[in-house]
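> Here are the chains, one letter per residue:
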Amino acid sequence: MEEENEAQISNLSTAATEETEDQALIFLDSLDDYLILIQTLSSTLRQGWLELASARHSMGASRVNTALLSLKHRSAATKVELDYHDNAKSPQFSLCKWTSTDDKNSYLENEKVEEDEQLKENMSGLESENEESSLESSKGSETTASPCKTENLKERAKVLSMFGTLVSPKLRASQLSFETALETLVNIANVRSSILEAHAALVKDTKNTKE
Amino acid sequence: MYGFEAMTFNIHGGYLEAIVRGHRSGLLTAADYNNLCQCETLDDIKMHLSATEYGPYLQNEPSPLHTTTIVEKCTLKLVDEYKHMLCQATEPMSTFLEYITYGHMIDNVVLIVTGTLHERDVQELLEKCHPLGMFDSIATLAVAQNMRELYRLVLVDTPLAPYFSECITSEDLDDMNIEIMRNTLYKAYLEDFYRFCQKLGGATAEIMSDLLAFEADRRAVNITINSIGTELTRDDRRKLYSSFGLLYPYGHEELAVCEDIDQVRGVMEKYPPYQPIFSKLSYGESQMLDKAFYEEEVKRLCLSFEQQFHYGVFFAYMRLKEQEIRNLMWISECVAQNQKSRVHDSVVFIF
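Read top to bottom, the protein sequences are chains A and B.
Heads up, the first sequence is in this note's numbering, so the first residue is 1 and it goes up one at a time.
Heads up, the second sequence is in this note's numbering, so the first residue is 1 and it goes up one at a time.
Source of the hints: derived by calculation from the structure; they are not laboratory data.
Quick caveat, the model's predicted, so the values are computed rather than measured.
Note that beta-carbon positions come from the ideal geometry of N, C-alpha and C, so glycine has one too.
Treat the hints with care, since some could be wrong.
Said to hold, decoys possible - The calculated DSS-like cross-link candidates involving lysine-lysine, where the alpha carbons are at most 30 angstroms apart (straight line), are:
#1 A/Lys158 with B/Lys291
#2 B/Lys299 with A/Lys72
#3 B/Lys299 with A/Lys154
#4 B/Lys239 with B/Lys270
#5 A/Lys158 with B/Lys128
#6 B/Lys239 with A/Lys158
#7 A/Lys154 with B/Lys270
#8 B/Lys199 with B/Lys340
To be verified - The following residues of chain A were derived to be distant from chain B, with all beta-carbon distances above 10 angstroms:
#9 Leu12
#10 Leu35
#11 Ser54
#12 His57
#13 Leu82
#14 Gln92
#15 Ser94
#16 Val167
#17 Ala181
#18 Glu197
Given the sequences, and given the hints that come with them, work out the whole structure.
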């Protein structure tokens with residue numbers, strides 16, 4: 001009988017230890033993701049700022065400067081939404097891009113995986129410009145591109161038009177870089193939320209194990 | 001064959017040609033750029049530039065420096081040199097020197113109009129204007145609602161007035177109309193400058209024709225690339241190309257229908273002077289195109305100094321100085337952003 005009790009206690013403590021280890025792994029994985037995202041954000045922002053400087057070098061200081069930024073009242077082109085799924089303690093951030101209601105034809109669009117992949121392809125292939133030409137040719141061939149991509153291209157061009165309608169591809173590239181940085185920031189917020197959740201679970205498990 | 005410029009040029013132009021050739025020898029060399037590219041901070045750049053002709057303009061600037069400050073002070077030097085030459089020049093050299101600044105005047109007009117459309121303060125916009133393009137009534141541009149008013153209230157008394165005939169409409173000024181106005185004005189200005197140089201004749205006409213034709217062709221390529229994927233129609237795009245240059249008229253017809261950078265490349269590679277420029281680029285790439293064009297421009301501008309007794313040296317010096325200021329701007333940005341590995345992406349050595 002005592003042996004059975006000891007075996008049960010041993011099994012319970014093993015299960016508790018395994019659960020604690022799982023929580024620790026989740027926590028460490030989240031932390032690793034967080035650090036990678038921070039590094040990605042830093043390099044994306046550096047790339048964006050250099051591309052902006054390159055656009056200024058190409059187009060001239062009179063065409064790319066802070067005095068051209070519009071002070072007119074306008075709704076935000078991009079919004080961050082906060083969701084609490086299934087009464088979870090940690091919130092989920094999501095980015096709603098190019099949702100300006102200034103234009104009657106604009107509509108609400110959540111961040112889509114396909115568009116993320118398209119943007120990531122654009123960022124990685126910006127040096128060759130192949131992705132950009134396909135993105136811009138997709139704007140021209142509206143019959144083949146999805147409506148949301150066409151709308152996004154129009155919204156991007158509309159926002160960039162404060163520097164002129166015929167802008168250098170370098171300025172468009174910098175816009176994409178900053179857009180990617182914004183997505184990365186939202187991902188960082190989500191990962192931070194999961195880190196805090198994993199940490200709280202880990203602390204709770206550790207306390208239970210000690211008890 | 002040229003005229004007998006050697007016999008008469010020095011009467012009115014000899015002093016200023018000597019001045020501009022002296023200025024040319026003060027341009028930064030490859031050794032200067034190598035030193036600047038190794039700077040760690042903007043104060044290091046200031047220290048290196050203090051040993052050059054920019055020294056007096058930067059010595060009183062307090063730390064921490066900003067890249068825009070360096071560019072402003074270097075531009076001031078160019079403006080001082082230009083004003084000295086202008087006040088010493090007689091006709092037709094004075095008109096030639098004034099023509100060189102009309103491009104900046106157009107940029108300033110567009111900056112004020114665009115900034116006003118975006119509800120910016122006029123004083124703030126005036127501070128951002130290029131000093132070579134300033135004129136007396138420039139601040140009045142802010143009151144115009146459309147191009148007709150722009151012309152009637154302000155520009156009718158400026159040298160840009162003749163260029164407005166093609167773009168006077170009563171349409172309200174918006175981003176697209178302003179862009180079309182900018183490019184239409186610049187097209188008219190280039191064509192007018194070209195005609196003026198042709199009228200001068202001799203070595204000036206020969207050398208300036210080549211330089212302005214290159215400028216027109218480069219503009220055509222940039223307009224094409226920048227308008228890919230925008231709402232600008234093919235007809236509107238074709239209207240923005242100048243009516244001279246190596247690409248006129250058949251190259252323009254082909255450029256007008258280009259939909260991507262590779263098609264532009266296909267058009268330009270048919271022209272032998274531009275084939276080496278595009279051969280430096282990989283397929284689908286346009287990032288290095290600006291540098292390739294600047295390098296070709298610098299080569300042509302430097303060649304103009306090989307001949308005497310013409311006005312092309314003044315144009316060439318102004319452009320070379322602007323290139324030097326662009327180089328300094330890029331080096332400063334790379335140093336300020338800690339991106340020194342990218343500094344050679346856009347620096348064009350002059351000597």
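> Determine which of the earlier numbered hints do not hold for this structure and return their numbers in increasing order.
2, 3, 7, 8, 11, 12, 16
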